[in-house]
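So the chains spell out like this:
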Amino acid sequence: MADPTHLTLAEARDALKARKLSAKELTKAHVDAIARAKVLNCYITETPDLALAAANQSDGRLARGEARPLEGLPLGIKDLYCTKGVRTTAASRILHGFTPTYESTVSGNLLRDGTVMLGKLNLDEFAMGSSNETSAFGPVISPWRRTGDDVRIVPGGSSGGSSAAVAARLCLGATATDTGGSIRQPAAFTGTVGIKPTYGRCSRWGIVAFASSLDQAGPIARTVRDAAILLRSMAGHDPKDATSVDAPVPDYEAAVGASVKGKRVGVPKEYRLDGLSAEIAALWDQGVAWLKEAGAEIVEISLPHTRYALPAYYIIAPAEASSNLARYDGVRYGLREKGRDITDMYENTRAKGFGAEVRRRVMIGTYVLSAGYYDAYYLRAQKIRSLIKRDFDQAFAAGVDAVLTPATPSPAFAFGEKGRADPVEMYLNDVFTVTVNMAGLPGLALPAGRSSNGLPLALQLIGKPFDEETLFSLAAAIEQAAPKLPAPEPWWSGR
Amino acid sequence: MSVDSTLVRRIAHLSRIKVEDAEVEKLGHELNAILAFVEELNAVDVSGVEPLTSVLPMTMKRRQDVVTDGGKAEDILANAPEREDHFFVVPKVIE
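In the order they appear, the protein sequences are chains A and B.
Using our numbering, the letters of the first sequence correspond one by one to residues 1 to 495.
Using our numbering, the letters of the second sequence correspond one by one to residues 1001 to 1095.
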């Protein structure tokens, strides 16, 4: 068989079941591809021996007819998911030497279904960033390059290791997490498919917490079908997460290819920002045309509080982060720096352990929650969050089934190009994705075209709570109509 | 509201993060840039709006009040930077 790393997850699953390919061959091909792609820095920790041993077991099960749903499929796991016996870093120095004694529920669900873990994927430190430049383990390099130059491009963030590894064929699919756009923006930048499901669809237990009311796990994959297959395995109720929802998990794959005739898709006029690039505007129009051809009905809608979502997010997310990250105190796990007394030990440990962006956000969060400022900042932001959610509730109540928007305001940029002087410049990357987290809705990003300089561009679909199925159906219709994105040229592999 | 160097130091202490003197001015600029960005929220009329507490209507599930887990002292201490028997060791707290 030709290079099995170029199979989709669904094709690999079917090839394994038909015994045209062994799990060991499939895993070995990925292990070799990872070894040739060190320059991309996708993996913080590689676990080839564990992977090959697991693949061997999968081959045994396949031979005995005891294959589980995702038997033998090699995946990368974002290094924000705790993995039993395998170092977990959150891309931070402060978790130095931390090896969990337990498995996160979502990565455990994938193991239960037979997947093989190739290793732990790089990310922005504590998932705080949009370019992977804040990782304590160095940035991930996108496999994509602009046409005609070899400037290094960011893979997006925070799930940049996940997006780059999937695009570069260093795993069949990956886990990711999304607090303000951290699945959808990196998927958009790398020509991959990412879905942040409804808040509560996946358990957060065992995933390093950033902003608990916004965080949600989801997959990044190369096709809509592959994302659907992975989400089905990842999702589900977990008694260990009180915010996980006890509702049956549908067969999402069955929604891929289902007719979208008569679906009403809203196009929010507030997303047509002043200064939106002509390229992005044209992509959006093209998406509208494809959905119309597939039989969907397009309606203009209004989400009047859209512009306030990003500033409100930059109060709520840091506030929750400052509280969640209080646990890194040098006592129970991770880094400890010496100090004169216990306070000095805390302060030295946290100064040494946290990078610049994490420190900024913890400090902003501490400030907006501090005595005298709580009402002016945090309480006001939570009221605005109610208004943002109400906008969506009203659109859905008026009969809209889903919303179509661009995924990002621009294609991927080069390292150092954004946020050097002003951190807010980097934050603007999430302008189209952050509303979805604020309202707890599902959102899916998928490739839909390329920029004038050859980089992938993406559209976003936003759905009703727990209606991921409609997103998969609409996304499959766009995927079908859009020009096929080729694999990036493997400039990194030296072959 | 502008963050001056005194406030930067106060926030850093509340956050339990040591800040070097040389970093204070730059941090002040960065925090001010973020606060200027969120300033826009003051333009929104929020009178009569309830703050959002849960994105989805959820009722907390109840369970029997029984022990479901435990006896994992070794697991809990496995990553401790400093320990003695089944205790975490910290610098002296009580003088």
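Treat the hints as calculated values from the structure; they're not laboratory data.
Computed from a predicted structure; not experimentally measured.
Glycine included, each C-beta is placed from N, C-alpha and C at the ideal position.
Check before you lean on any hint, since a few could be wrong.
Said to hold, decoys possible - Pairwise CB distance ranges (calculated):
| no. | chain 1 | residue 1 | chain 2 | residue 2 | range |
| --- | --- | --- | --- | --- | --- |
| 1 | B | T1006 | A | A289 | 53 to 63 Å |
| 2 | A | R87 | B | R1063 | 30 to 40 Å |
| 3 | B | L1056 | A | A481 | 31 to 41 Å |
| 4 | A | L276 | B | R1063 | 41 to 51 Å |
| 5 | A | K84 | B | S1054 | 39 to 49 Å |
How does the Cβ-Cβ distance of L276(A) and R1063(B) compare with 41 to 51 Å: does it lie in that range?
About 49 Å separates the Cβ atoms of L276(A) and R1063(B), which means 41 to 51 Å holds.
Whether the CB-CB distance between L1056(B) and A481(A) falls inside 31 to 41 Å:
With Cβ atoms ~32 Å apart, the hint holds.
Quick check on a hinted range of 39 to 49 Å for K84(A) and S1054(B), using CB atoms only.
violated (31 Å)
Is 53 to 63 Å a correct range for the gap between the Cβ atoms of T1006(B) and A289(A)?
holds (57 Å)
May I ask you to test the hint 30 to 40 Å on the CB atoms belonging to R87(A) and R1063(B)?
Holds: the Cβ-Cβ distance is about 33 Å, inside 30 to 40 Å.
Comparing the model with each numbered hint stated earlier shows that hint 5 is the single one that does not hold.
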